[in-house]
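Add chain B to chain A, keeping to what the hints say.
2 protein chains.
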Amino acid sequence: MNIKKIVLPETELPRQWYNILPELPTPMEPPLHPATGEPVSPDDLLPIFPMPLIEQEMTQDTYVDIPDEVLEKYLIWRPTPLYRARGLEAWLDTPARIYYKNEGVSPAGSHKPNTAVAQAYYNKISGTKRLYTETGAGQWGSALSFSCALFGLECKVFMVRVSYDHKPYRRIMMETWGGTCVASPSNETNAGRSILEKDPDSPGSLGVAISEAVESAVADENNKYSLGSVLNHVMLHQTINGLECKKQMEIAGDYPDVIIGCAGGGSNLAGNCLPFVRDKINGKDIDIIAVEPAACPTLTKGPFTYDFGDAVKMTPLLPMYTLGHNFMPKPLHAGGLRYHGMAPIISQLIVSGLIRSVSVHQLETFKAGIAFARTEGFISAPETNHAIAVTIQEALKAKEEGKEKVILMNWSGHGLVDMMAYEAYLAGELSDYTIDDEEIKKSLAELEDLPKPRQYRV
Amino acid sequence: MNIKKIVLPETELPRQWYNILPELPTPMEPPLHPATGEPVSPDDLLPIFPMPLIEQEMTQDTYVDIPDEVLEKYLIWRPTPLYRARGLEAWLDTPARIYYKNEGVSPAGSHKPNTAVAQAYYNKISGTKRLYTETGAGQWGSALSFSCALFGLECKVFMVRVSYDHKPYRRIMMETWGGTCVASPSNETNAGRSILEKDPDSPGSLGVAISEAVESAVADENNKYSLGSVLNHVMLHQTINGLECKKQMEIAGDYPDVIIGCAGGGSNLAGNCLPFVRDKINGKDIDIIAVEPAACPTLTKGPFTYDFGDAVKMTPLLPMYTLGHNFMPKPLHAGGLRYHGMAPIISQLIVSGLIRSVSVHQLETFKAGIAFARTEGFISAPETNHAIAVTIQEALKAKEEGKEKVILMNWSGHGLVDMMAYEAYLAGELSDYTIDDEEIKKSLAELEDLPKPRQYRV
Chain A
0 MNIKKIVLPE TELPRQWYNI LPELPTPMEP PLHPATGEPV SPDDLLPIFP MPLIEQEMTQ
60 DTYVDIPDEV LEKYLIWRPT PLYRARGLEA WLDTPARIYY KNEGVSPAGS HKPNTAVAQA
120 YYNKISGTKR LYTETGAGQW GSALSFSCAL FGLECKVFMV RVSYDHKPYR RIMMETWGGT
180 CVASPSNETN AGRSILEKDP DSPGSLGVAI SEAVESAVAD ENNKYSLGSV LNHVMLHQTI
240 NGLECKKQME IAGDYPDVII GCAGGGSNLA GNCLPFVRDK INGKDIDIIA VEPAACPTLT
300 KGPFTYDFGD AVKMTPLLPM YTLGHNFMPK PLHAGGLRYH GMAPIISQLI VSGLIRSVSV
360 HQLETFKAGI AFARTEGFIS APETNHAIAV TIQEALKAKE EGKEKVILMN WSGHGLVDMM
420 AYEAYLAGEL SDYTIDDEEI KKSLAELEDL PKPRQYRV
Chain B
0 MNIKKIVLPE TELPRQWYNI LPELPTPMEP PLHPATGEPV SPDDLLPIFP MPLIEQEMTQ
60 DTYVDIPDEV LEKYLIWRPT PLYRARGLEA WLDTPARIYY KNEGVSPAGS HKPNTAVAQA
120 YYNKISGTKR LYTETGAGQW GSALSFSCAL FGLECKVFMV RVSYDHKPYR RIMMETWGGT
180 CVASPSNETN AGRSILEKDP DSPGSLGVAI SEAVESAVAD ENNKYSLGSV LNHVMLHQTI
240 NGLECKKQME IAGDYPDVII GCAGGGSNLA GNCLPFVRDK INGKDIDIIA VEPAACPTLT
300 KGPFTYDFGD AVKMTPLLPM YTLGHNFMPK PLHAGGLRYH GMAPIISQLI VSGLIRSVSV
360 HQLETFKAGI AFARTEGFIS APETNHAIAV TIQEALKAKE EGKEKVILMN WSGHGLVDMM
420 AYEAYLAGEL SDYTIDDEEI KKSLAELEDL PKPRQYRV
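Chains A and B, in that order, are what the protein sequence lines are. Per numbering that gives the first Met the number 0, residue 0 is the first one in the first sequence, and the count goes up by one each step. Per numbering that gives the first Met the number 0, residue 0 is the first one in the second sequence, and the count goes up by one each step.
Watch out, some of these pointers could steer you wrong.
It does not matter which identical chain is used: a pair holds within one copy or between any two.
Pairs of lysine-lysine residues, derived as DSSO-like cross-links and limited to a Cα-Cα distance of at most 30 Å, are as follows [said to hold, decoys possible]:
hint : residue 1 : residue 2
1    : Lys366    : Lys128
2    : Lys440    : Lys402
3    : Lys246    : Lys398
4    : Lys4      : Lys398
5    : Lys312    : Lys197
6    : Lys441    : Lys366
7    : Lys4      : Lys123
8    : Lys312    : Lys404
9    : Lys451    : Lys402
10   : Lys246    : Lys4
11   : Lys123    : Lys366
Everything labelled a hint here was simulated from the structure, so no lab data went into it. The model shown is predicted, which means the values in this text are computed figures rather than measured ones.
Here chain A stands alone, though its shape is the one from the complex (with noise of 0.2 Å):
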């Protein structure tokens, strides 16, 4: 019988993180404190996230040893498997060996927890009694209450309003985790309060929830902020998926042509791809794609240049591929791709033509997510459902091409809790949202006195 599934044993679990920083072939631009424009110095970030957080955030290190405590945790769910997608490769009839690595075995059901653990216990060591967070579709708000819970911290929500109205259940699973959970724009915070003035109907996003959360954390010392994506030390956690992937990789006997990630803020990706990006440095032939909604193209239509992290201008100004830190997106079901940013790591390994971008319908995506789930069984969270549109364009372009090819898809999480989501596509109410370009146009206008980075590119 063919083997479906590669699972290592929880002995060949990695012991560090890969870090890329020191790697990269052009080093990164480092952010800037919003009020001066001056580089960010360690003691600016203090105020948000711990010691530890922000050493791993700078730290040149290629290599960073996980820690017992969280070593012990990622046993909950890690080493996640790595499958052969046998099912969808019989049914589109092509030539390519397609794998997937299901990071939708944590208890969250995402990859998130790889850094939710990681910072919820560098958080606890460090004094932290409560972490403020921000989340779009509630993978990562989720994955945050269930680290905080095993650690013993106190966790508070922001959730941006259109997934906490059309997502009850992640709210639930947070509370079922000890956690707190509140829509943004709240009325809770300054930052909230100035939305709600302008538009109390606004469906929120990303960048005004962090805003909230961020405001709330520097209210008391005792509190910390902790972001999800985007940042170079959430970046270095989510590698041990990557990590693990490779020794799977080697035990199937193939080596990806072509990696496929969806594309938010960037975790994701960056988690499964980065100790392959490496290899790629190296003179390895890959293909690298990130899969973002036509909805919310960051990649494929923003500039590369310093924008702010969130809606009201708290954070450092980021070099990163951005529409605009007000860009409003559409409501697409993928919220957890409705961010207006995307990680400077990601941002500059496109601008160093390491990873090519491609945005995709949110019609295509469901269907694509279907299919997946009628011959591969699992159902897709509406994010990763991206990465498989895509996975299946490639698939069937190397059926055209009559050539074998090595796909590896990061299947980033279930959608259990997002069934919401296929009820409307299957009875027709979704829809294929457009962007109109002088939206972004003006979004982006607000960039201008803004620095730029020396790579700045429109």
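Just chain B now, with coordinates in the frame of chain A:
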């Protein structure tokens, strides 16, 4: 670092199911034809089941080969991990070593696909075009829809009204896999219409839904019926769980003193415990506990007698513990535990003193589920919470007695599509349903004229 979970490689997947029938200390009495009262013949069952499953229902072989096509589908999620509940143990401060077998990793999120995949396969090779079934909480209906998708069969599910209303996510899962799902009682069958005439707001019951599915199946020779619990062949397929678990306990270097599983129709408990019951028959000292809701106390308050499996008396008479085929359980959230009867195999083992039964109230089960989520990470199905509640009781008893003890719990599924039940619990809106003994007496009065098994007991 301590091992958290034991994962067998795919090569260790058992190749045979275990059949306890030939090894029972007292032989089971036969199912009786509903019209004649005579033992049913294979031909009697042919309108509803394909011949390979009828043979498995009656076989006296101790082991039954698993077809390669079924093994191939099992590999989508099997072998499943055996966990050590170190987080829960630490929180309880118990000397007990608690293990749980995680059946929630299947695409449908429960143990149900173990038999659904096998039944879909045998129907497929027997020429069936469409399978009809019923579902309580929705775990079975979604498992069968998933399995039918894998083998290209149509699937139609009658879902108990109260769950249909409370658990839309389960219905959408079925539809995502291509199945169709209607609320029961429905207007599509005589059985459904007769119930609705008496009570248009009937919350439904598994007994009624079974009647509707059987009636639909027998109406067309291309269609068959599929049952997710109760019958011998279902218990047989589920033993893949316990067979894996025995290998895993051996690797762990432990052997269970106590085995705990929730019991609705009996299949998840049977799947885990039957290979251990074999050891018990051969002299091992194991305390095996079936846990049921106090609001549907089939084992703890019902007699062992002949009864119908469904509400309108279409199924054979089965020798089992029962509350009467017209018993209408309260709308408690553990919809999978609302069945009036119990698998004849489990019933027989209770009569023989090899398994004992206890009941727990709803609030205690959710309290246990919350504790489990915050210590072990995973959010459990409301049914599974019944097993967790008694696991906690047993672990605390071990603490009180200062005794080491090995507890094995069958973690039958996750609760990510049952979050509304958790919300109700967290909001203080749930209550403990007490059962009216008069109500049971009334329901049981309808069994007076039915045949009695030799081992009849009240």
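Here's how the hints hold up against the structure:
Only between protomers do Lys366 and Lys128 lie at most 30 Å apart by alpha-carbon distance; the minimum there is 25 Å, versus 44 Å within a single protomer. In this assembly of identical chains, the alpha carbons of Lys440 and Lys402 never lie at most 30 Å apart, being 41 Å within a copy and 71 Å across copies at closest. For a Cα distance limit of 30 Å, the shortest separation of Lys246 from Lys398 inside one copy, 28 Å, qualifies, whereas the shortest one across copies, 42 Å, does not. Taking the shortest Cα distances, Lys4 and Lys398 sit within 30 Å of each other inside one copy (23 Å), while across copies they are farther apart (40 Å).
With identical chains, the CA atoms of Lys312 and Lys197 are at most 30 Å apart within one copy only, with a shortest distance of 17 Å there and 64 Å across copies. When the C-alpha separation of Lys441 and Lys366 is checked against a cutoff of 30 Å, the pair qualifies neither within a copy, at 33 Å, nor between copies, at 52 Å. In this homomeric assembly, Lys4 and Lys123 come within 30 Å of each other (Cα to Cα) only across copies, at 25 Å, whereas the closest approach inside a single copy is 35 Å. With identical chains, the CA atoms of Lys312 and Lys404 are never at most 30 Å apart, being 45 Å at best within one copy and 57 Å at best between copies.
In this assembly of identical chains, Lys451 and Lys402 lie within 30 Å of each other by CA distance neither inside one copy nor across copies; the values are 43 Å within and 68 Å between. For the identical chains of this complex, Lys246 and Lys4 are neighbours both inside a copy (13 Å) and across copies (20 Å), given an alpha-carbon limit of 30 Å. Proximity of Lys123 to Lys366 under the C-alpha cut-off of 30 Å is restricted to the inter-copy arrangement: shortest distance 26 Å between copies versus 43 Å within a copy.
Consistency note: the structure conflicts with the earlier hints numbered 2, 6, 8, 9.
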